[in-house]
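Peer 1: Here's the letter readout for the chains.
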Amino acid sequence: KAGVTQTPRYLIKTRGQQVTLSCSPISGHRSVSWYQQTPGQGLQFLFEYFSETQRNKGNFPGRFSGRQFSNSRSEMNVSTLELGDSALYLCASSALGFWDTEAFFGQGTRLTVV
Amino acid sequence: AQSVTQLDSQVPVFEEAPVELRCNYSSSVSVYLFWYVQYPNQGLQLLLKYLSGSTLVKGINGFEAEFNKSQTSFHLRKPSVHISDTAEYFCAVTPPRTGNQFYFGTGTSLTVIP
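For the protein sequence lines, the chains are P and L, in the order given.
The working numbering applies: residue 1011 is where the first sequence begins, and numbers increase by one.
The working numbering applies: residue 36 is where the second sequence begins, and numbers increase by one.
The hints are simulated quantities; they were obtained by calculation from the structure and are not laboratory data.
Some hints here could point you the wrong way.
As the list claims (entries may be wrong) - Taking lysine to any residue and the SDA-like style, the derived pairs with C-alpha atoms no more than 20 Å apart in a straight line are:
| id | chain 1 | residue 1 | chain 2 | residue 2 |
| --- | --- | --- | --- | --- |
| 1 | L | Lys104 | L | Pro131 |
| 2 | P | Lys1067 | L | Gln37 |
| 3 | L | Lys104 | L | Thr90 |
| 4 | P | Lys1023 | P | Ser1075 |
| 5 | L | Lys84 | P | Glu1112 |
| 6 | L | Lys84 | L | Ala52 |
| 7 | P | Lys1067 | L | Ser38 |
| 8 | P | Lys1067 | L | Arg132 |
| 9 | L | Lys84 | P | Lys1023 |
| 10 | P | Lys1067 | L | Lys84 |
| 11 | P | Lys1023 | P | Leu1106 |
| 12 | P | Lys1067 | L | Ala52 |
| 13 | L | Lys93 | L | Ala52 |
| 14 | P | Lys1067 | L | Asn103 |
| 15 | L | Lys93 | L | Asn103 |
| 16 | L | Lys93 | P | Lys1067 |
| 17 | L | Lys84 | L | Thr133 |
| 18 | P | Lys1067 | P | Ser1032 |
| 19 | P | Lys1067 | L | Ser62 |
| 20 | L | Lys84 | P | Ser1075 |
| 21 | L | Lys84 | L | Val72 |
| 22 | P | Lys1067 | P | Gly1052 |
| 23 | P | Lys1023 | P | Glu1085 |
| 24 | P | Lys1067 | L | Pro131 |
| 25 | L | Lys104 | L | His117 |
To be verified - To spell it out: a stretch of chain L is covered by chain P in this simulated footprint if at least three of its residues, at any positions, have a beta carbon under 8 Å from a beta carbon of chain P; those stretches are:
| id | region |
| --- | --- |
| 26 | 87 to 96 |
| 27 | 136 to 145 |
To be verified - Per label pair, the in silico range of CB-to-CB distance:
| id | chain 1 | residue 1 | chain 2 | residue 2 | range |
| --- | --- | --- | --- | --- | --- |
| 28 | P | Ile1022 | L | Glu55 | 36 to 42 Å |
| 29 | P | Phe1070 | L | Ile95 | 28 to 34 Å |
| 30 | L | Thr40 | P | Glu1092 | 34 to 40 Å |
| 31 | P | Gly1026 | L | Arg112 | 45 to 51 Å |
Small disclaimer: the values here were computed from a predicted structure and weren't measured.
Cβ atoms here follow ideal geometry from the backbone N, Cα and C, with glycine treated the same way.
Starting from the given sequences, assemble the full structure and let the hints guide the process.
Peer 2: Pasting the structure below:
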């Protein structure tokens, strides 16, 4: 069974640009969560999607948005990139979301903003 | 609100020695507790989790953790570490039925010295 796949693995963008990251969950999983990992702030929850609906959102500005498709694949978009957006972005999938007790993480996308 | 404190940011230990990584949490509701491990340039891998029942939880790679409700702690232990255990370890909590919205500690970097 394939794991959680995130693409691309590495990305370099210029300040002011926008970026889209992709996450393909484990087959059959309907919940996808996104996290930002930085040395200063650690791991912070961005948002969670279940069956194409955003159910939870962390404390991030509106420049961070996401969506989920009918096949459960999810994308995260960051507009007007800032240097502080440089981070490892991780997504996690689970089968049932609310009722699950385990999430499986992808390897992450390393975003560097220059 | 929930918060997690990992008391040691770095823990060096000699190979085959025992190790304990400390984790304390604060929450106004019952939570599930987790330990994840992250190897360089990788995502997070679940080591073990506490949902209910026995307070001593055994995980993968010989790790175990003990839930102490009165001290709101969930310390991770291994009786004999290997070089391959060198990694970053994260303690996390999540209230039940919150869609995998984890609250992570800041991490403990475990370095096993040959």
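Peer 1: Each hint needs a verdict: does it hold in this structure or not?
Peer 2: Against the structure, the hints:
{"no.": "1", "hint": "L:Lys104 <-> L:Pro131", "result": "16 Å, holds"}
{"no.": "2", "hint": "P:Lys1067 <-> L:Gln37", "result": "15 Å, holds"}
{"no.": "3", "hint": "L:Lys104 <-> L:Thr90", "result": "9 Å, holds"}
{"no.": "4", "hint": "P:Lys1023 <-> P:Ser1075", "result": "17 Å, holds"}
{"no.": "5", "hint": "L:Lys84 <-> P:Glu1112", "result": "8 Å, holds"}
{"no.": "6", "hint": "L:Lys84 <-> L:Ala52", "result": "24 Å, violated"}
{"no.": "7", "hint": "P:Lys1067 <-> L:Ser38", "result": "17 Å, holds"}
{"no.": "8", "hint": "P:Lys1067 <-> L:Arg132", "result": "14 Å, holds"}
{"no.": "9", "hint": "L:Lys84 <-> P:Lys1023", "result": "37 Å, violated"}
{"no.": "10", "hint": "P:Lys1067 <-> L:Lys84", "result": "24 Å, violated"}
{"no.": "11", "hint": "P:Lys1023 <-> P:Leu1106", "result": "34 Å, violated"}
{"no.": "12", "hint": "P:Lys1067 <-> L:Ala52", "result": "42 Å, violated"}
{"no.": "13", "hint": "L:Lys93 <-> L:Ala52", "result": "19 Å, holds"}
{"no.": "14", "hint": "P:Lys1067 <-> L:Asn103", "result": "30 Å, violated"}
{"no.": "15", "hint": "L:Lys93 <-> L:Asn103", "result": "15 Å, holds"}
{"no.": "16", "hint": "L:Lys93 <-> P:Lys1067", "result": "32 Å, violated"}
{"no.": "17", "hint": "L:Lys84 <-> L:Thr133", "result": "16 Å, holds"}
{"no.": "18", "hint": "P:Lys1067 <-> P:Ser1032", "result": "18 Å, holds"}
{"no.": "19", "hint": "P:Lys1067 <-> L:Ser62", "result": "19 Å, holds"}
{"no.": "20", "hint": "L:Lys84 <-> P:Ser1075", "result": "30 Å, violated"}
{"no.": "21", "hint": "L:Lys84 <-> L:Val72", "result": "12 Å, holds"}
{"no.": "22", "hint": "P:Lys1067 <-> P:Gly1052", "result": "17 Å, holds"}
{"no.": "23", "hint": "P:Lys1023 <-> P:Glu1085", "result": "17 Å, holds"}
{"no.": "24", "hint": "P:Lys1067 <-> L:Pro131", "result": "16 Å, holds"}
{"no.": "25", "hint": "L:Lys104 <-> L:His117", "result": "30 Å, violated"}
{"no.": "26", "hint": "87 to 96", "result": "violated (count 0)"}
{"no.": "27", "hint": "136 to 145", "result": "holds (count 7)"}
{"no.": "28", "hint": "P:Ile1022 <-> L:Glu55: 36 to 42 Å", "result": "40 Å, holds"}
{"no.": "29", "hint": "P:Phe1070 <-> L:Ile95: 28 to 34 Å", "result": "32 Å, holds"}
{"no.": "30", "hint": "L:Thr40 <-> P:Glu1092: 34 to 40 Å", "result": "29 Å, violated"}
{"no.": "31", "hint": "P:Gly1026 <-> L:Arg112: 45 to 51 Å", "result": "48 Å, holds"}
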